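Position chain R against the provided structure of chain V, taking the given hints into account.
In order, the protein sequences belong to chains V and R.
The letter at position 390 of the first sequence is residue 390 when you use our numbering, and the numbering goes up by one with no holes.
The letter at position 392 of the second sequence is residue 392 when you use our numbering, and the numbering goes up by one with no holes.
No wet-lab data here; the hints were simulated from the structure.
The structure presented is a predicted model; accordingly, all values stated were derived computationally and were not measured.
Warning: the hint list may mix true and false statements.
Stated by the list, open to error - Which bits of chain V does chain R cover? Going by a derived footprint, with three or more residues having C-beta under 8 Å, they are:
(1) 30-37
(2) 94-102
(3) 208-220
(4) 392-402
Said to hold, decoys possible - Facing chain R, according to a computed beta carbon distance under 7 Å, are these residues of chain V, among others:
(5) 322
(6) 328
(7) 329
(8) 407
Think of the CB as a built atom: it goes at the ideal place given N, C-alpha and C, for glycine as much as any other residue.
2 protein chains.
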Amino acid sequence: MLEETKQLIDTEMTVIEEGDVATPNGYVAGGIHVGLRREKKDFGWLFSSVPANCAAVYTQNAFKAAPLQVTEESISVDNKLSAVVINSAIANACTGHRGIEDAKQTQKWVASKLQIPEHHIGIASTGLIGEFLPMQKIEYGVNNIDIQNDSNSEDFNESILTTDKETKHIAVQVTIDDEVITIGGTCKGSGMIHPNMATMLGFMTTDANVEVEDLNSLLKESVDETFNMITVDGDTSTNDMVILLANGQSHNQPLTKQHPEWNKFAKAVQYVSQYLAQSIARDGEGATKLIKVNVTGAKTKQQNNVIAKTIVGSSLVKTAIHGADPNFGRIVTSIGYADHTINPNEIDVWLCGHLLVSKGMNVSFDELDLKAKMEQDTIEICAKIGDTPHKSTAFGCDLSYEYVKINALYRT
Amino acid sequence: MLEETKQLIDTEMTVIEEGDVATPNGYVAGGIHVGLRREKKDFGWLFSSVPANCAAVYTQNAFKAAPLQVTEESISVDNKLSAVVINSAIANACTGHRGIEDAKQTQKWVASKLQIPEHHIGIASTGLIGEFLPMQKIEYGVNNIDIQNDSNSEDFNESILTTDKETKHIAVQVTIDDEVITIGGTCKGSGMIHPNMATMLGFMTTDANVEVEDLNSLLKESVDETFNMITVDGDTSTNDMVILLANGQSHNQPLTKQHPEWNKFAKAVQYVSQYLAQSIARDGEGATKLIKVNVTGAKTKQQNNVIAKTIVGSSLVKTAIHGADPNFGRIVTSIGYADHTINPNEIDVWLCGHLLVSKGMNVSFDELDLKAKMEQDTIEICAKIGDTPHKSTAFGCDLSYEYVKINALYRT
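Excised from the complex, chain V in its bound form:
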């Protein structure tokens, strides 16, 4: 379990570490190799036995990839999905009219195969931008969707990866109205990661019965605090999407914000979202360390967010942490260009628990002890900007030789 998410767990929540998007009742997920990647699984599906209420958030990049456009249009029909199919290796972005037609053709094939309406099928792609999908391979994938076998969700978790080193998944359970409710999730990173969204696909499922309007606002709030607070390299992709499905198979009474146990449910969704987002940061391209940045006391929450994300996104902070170098000047510098309105004489900065800057000035610290702490695999930076109660946390990773290597040779 990720150390950082432990604090979100309370006694009311059961964490299933091996759980994923198929753990809640009524979901099946799987994946196969169709030849888009050399050897690895590259085509996955997620299926709900009944149409599930659906909430979704999409990239804010002006170049929104074809599958996202098609999925958004489909969800808008009645806010329900029964299935999502995903391919890795090719993003189907910058592919114009033909890209849209390819995504729609995939919907048609899936509708025919699973006997469900086209608009109940979400499409997601991740990979290289500017190439067309080899549609015969996609058709082969659709023909081989297997929703009878509910034991191969690990194949799904693998099939959506690109340069990720590890699969990323979790599930939690809470009891609401004496019914056990499960929430599961699977996602992929791992470069071109920056709010708002990232080159990331996130799929969350629950068997709870949830009103779609409240499901939507819950997803947006959760994503703002989690997926939108991570950065790997500051690049926001064309293909990012997070989908949350609620199929009601736990047969609870419909959950709304007015329900006395809504917060318990919301907290569980937040936990899954946070866990997945942090998994992405920790597995950022070439990453050797997770960086957690807490910022408190700026005039607004938004200013806190900007400062936290700027610190964690600074190439100079990232390289210093890669080298276990307590170069706090870089932290201070990034605060100073993140927000020109701060008062430098009010800033305190801590690195791995050591106070390094007090009221904008350097203070002496135990460098040997700090350097030893910086060798650990999670590095925490705290910055106090002022005295307001606002708090923000952002997550990222160090910048390594490996990041350069991965990205200098990605396409070729």
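Same frame as chain V, but now just chain R:
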């Protein structure tokens, strides 16, 4: 000579490649080793035989280093400087009241040594943030300022460097009112480089007689088009400053914007500024290639600027270029997150002269020829966003293993 600045030269301008800040009449510059760095020169001075009209621009980082605060206050007295002293290795930033006092003490020593008023002395520092200056070394430096020897300006050019691999300097001459006017400049980079300003110090001098108000607006305009359009790593430093001195020793009639040959003078200043800015981009930390990005046709000049700087600052674009990989998807992606209001279906993108994206869609191109061109040491990206006449050019460099190496181990 840098290829990119050749276009700025016209027959009216003579370029002196070996020229620098001491080339115009009435200036002397030098530098010595005082022990701030291990072996290299680390303390420099620039001296004008008469008080020169002075224009300056400063970092926009909220943490403005002590020497900048002291220099800004001094210049505000009567807009004149006679001398500037600079140290490398230590930035004197985040040093609170003591940092200010140290900068003022340096002024006092220089004033006494050179017999000029304290407020006619500019102070600049570059290097590690959060450490105090060892004042006995600074005092040693001041005591050894030698303004009699006008042949050691190359020592000045060296003394201001940090991780720069090369000195950066140029001078040009134009004839105005039958007088030869010389404009010279010296600067340093080379990490923490991002508009607006960068970890850079730029010093420009001219022997022209120029009204201070017009000198100020000319410097601001030139910096906006040059120093503020380069990025190495997106980090804006605490210590950036560009100073332009005009000491009138060519004895021309005072130049103002109303003078019929003002544009000739302005163009020469712009040339020096552009040359120095590009030298910084090309010598960015770990850089192996200069990246030039032209963006045309956005709704406003400001949007053009943002898009150009976002492309050239994208870690994914920078690593792809490092690997000579024609991964145009990353260029398109960076345009899309730089400005959410663009119309993706209107975008054209060229890389090294090859059209890769037309109306937002990939087009086929000669990959072998393009890859060969990408092995060259200057890479040009062009993006057409729309049909307005606005144009912007930004400069940067690739992201290499060497950048990570330099910055993972900078402080230790």
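Quiz item: So which of the earlier hints does this model not fit?
Solution: Numbers 1, 3, in rising order.
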